[in-house]
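First to last, the sequence lines map onto chains A and B.
All letters in the first sequence, in the order written, are residues 0 to 269 by numbering that gives the first Met the number 0.
All letters in the second sequence, in the order written, are residues 0 to 289 by numbering that gives the first Met the number 0.
Everything labelled a hint here was simulated from the structure, so no lab data went into it.
Treat the hints with care, since some could be wrong.
[Claimed, not checked] Facing chain B, a subset of chain A residues (Cβ under 10 Å, in silico): (1) R28; (2) F29; (3) A67; (4) G68; (5) L93; (6) F97; (7) Q98; (8) T101; (9) L102; (10) L118; (11) R123; (12) Y146; (13) P147; (14) R162.
For glycine and all other residues, C-beta sits at the position ideal for the given N, C-alpha and C.
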Amino acid sequence: MTAVTLSGAGGTLPAGAAPLVALRGVSKRFGNGTLAVRDVDLDLAAGEFVSLLGPSGCGKSTLLRMIAGLGAPSAGTIAWPGRDEGAAGRGFDLGFVFQDPTLMPWANALANVMLPLTLKKVPRGEAEARAAEMLALVGLAGFERAYPRELSGGMKMRVSIARALVMKPRILLMDEPFAALDEITRHRLNNDLLELWAHERFTAVFVTHSVFESVYLSQRIVVMAARPGRVMADLPVDAPYPRNELFRTSGEYAHLCRIASGKLEEAIGS
Amino acid sequence: MSTPQDSIARASAAAEALPVPAEPRFLGLPAGIWPRIFAPLAIGVLVLALWEFAVRWNGIPPYVLPGPLLVGQTLVADWATLSVSLWVTLRITFLALAAAVVVGVALAVLFSQSKWLEMALLPYAIVLQVTPVVAIAPLIIIWADDIDLSLLICAWIVAFFPILSNTILGLSAADHNLVNLFELYGASRWQTLRYLRLPAALPYFLAGLKVSGGLALIGAVVAEFVAGTGGNASGLAYRILEAGYQLKIPRVFAALAMISLSGVAIFLATSLISHLLLRRWHESAIRREN
């Protein structure tokens, strides 16, 4: 895997490096005639943390799902120049976190995290060990045998993230994963997500409608507008990592939030 | 990642220090269960006592309405004959229920794999369901040429539909995002069925099983009645017909009581199975504490 640049280069790619994912002229029209996404060009570099920010209905979730391969674009192409198509295959190389934890209620935390490994027929012993290790990494050591209903909202989301990361994917796609959580839990999960990102070095694409969350987390914010869904702005966030509560309360953070807020207002007004 | 681990560990340590409010137990069962046993039991005893009193007070002859004591005596006295008949009826009931589970689940799985098959066959399953079994039982008895087999077919027809329709519903009720997730990881049809659709359908199937358990008994008894009028059966329904012709009304009541109690027992058994399978995860089996 390529090294992560923690300085936050923003929208531009390092010269000569092929992007991990390249979207060209991607549009999506649903069967009912709604144009959900119109003509999106977007490059995602290996190892970067990108947020898709926009009001509801701007097609950011649809775009994320298309990157995941859930529903083909009506027009345009999604290419993976940074990945060996033959060996990787779809699904192996990406993790997806839904807005809801989307856990199997009949299976305990360990079995839920094991699911991708089970589906790929990884031997049970190895799968259990890897799933347990991943659960420990998201802070849930000791909860392997707990059923989803016995876990809090934040803990369920941790299981969901562990499941998405258990295959060591090169890209992690997250669809407003913390929107339903309370602020304290959300802040803690934001911090833990950044630590995981630094530790595992995946490419992160984070869909959110929160300006503050997107500025705190990402190196780059793609602002989208609704009806039809399209890219309005591509903002670099030039603040160094690791980011913590100090950054969250800094003037720099407030400044960046004001810029992103302005762009989002423009997008909503357009 | 030290922060969340530490805080969770600390929180759980603090929680473990709290005393767990142990539920008091009585004769091995949680104390909260006993009213649920005693309340219906008390009503039963009260009604039986009133019935006995009314029969004696009004001097009603036993060939019109026997008192519960006489019914009980008859049950004991005729146990040898009646228990044989009970076994015959229960055997048909359980075989029919087993066949209903196998065919119902198999058809539901087949339908979930092919919408065409569902569209083509489901209407006929509904036709079977809505046709009164008493109306087709004589035909089945003529065609099947074997009394046990024909009774089995009749009871099965009545019992299988709830299992089929509930399992169909359950198989299509899996969380849409989970279906997407399976698609994302390239799961095969078989894997999606085994790891997602079948577990998701389990609560629905069990609800169907509870209904079908009672229906299998009803189907067996109805079919026996039809067969019994032809004089060739030995189940409880036939005993009722026979005793009715001979005006042995206490025996009719004894056989009726056996059928009712069997139905209750089947319901309790299916409820227990359902509880044991769902208690770890399904909302219906979880007791809320507020």
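Tested hints:
The beta carbon of R28 (chain A) comes no nearer than 20 Å to any beta carbon in chain B, farther than 10 Å, and the hint placing it at the interface is violated. A hinted interface residue such as F29 (chain A) counts as satisfied when its beta carbon comes closer than 10 Å to some beta carbon of chain B; here the least separation is about 15 Å, so the hint is violated. Nearest Cβ of chain B to the Cβ of A67 (chain A): about 6 Å, under the 10 Å cut. The hint holds. Here the hint on G68 (chain A) is kept, as its CB sits about 7 Å from the closest CB of chain B, short of 10 Å.
At about 7 Å, the closest approach between the beta carbon of L93 (chain A) and any beta carbon in chain B falls short of 10 Å, and the interface hint on this residue holds. Against a cut-off of 10 Å between C-beta atoms, the interface hint on F97 (chain A) holds, since the closest Cβ of chain B lies about 5 Å away. Using the Cβ-Cβ criterion of 10 Å, the hint placing Q98 (chain A) at the interface with chain B is satisfied: the shortest such distance is roughly 8 Å. Interface hint status for T101 (chain A): upheld, as the beta-carbon distance to the closest one in chain B is roughly 4 Å, under 10 Å.
Because the beta carbon of L102 (chain A) sits about 8 Å from the nearest beta carbon in chain B, less than 10 Å, this interface hint is met. With its C-beta approaching chain B no nearer than about 5 Å, L118 (chain A) sits inside the 10 Å limit, and its interface hint holds. Taking 10 Å as the C-beta contact cut-off toward chain B, the hint placing R123 (chain A) at the interface is violated, the least distance being around 13 Å. At a threshold of 10 Å, the smallest CB-CB gap from Y146 (chain A) to chain B is about 5 Å, leaving the interface hint in force.
Against a cut-off of 10 Å between C-beta atoms, the interface hint on P147 (chain A) holds, since the closest Cβ of chain B lies about 7 Å away. Below 10 Å, beta-carbon pairs count as interface contacts, and R162 (chain A) has one with chain B at about 8 Å; its hint therefore holds.
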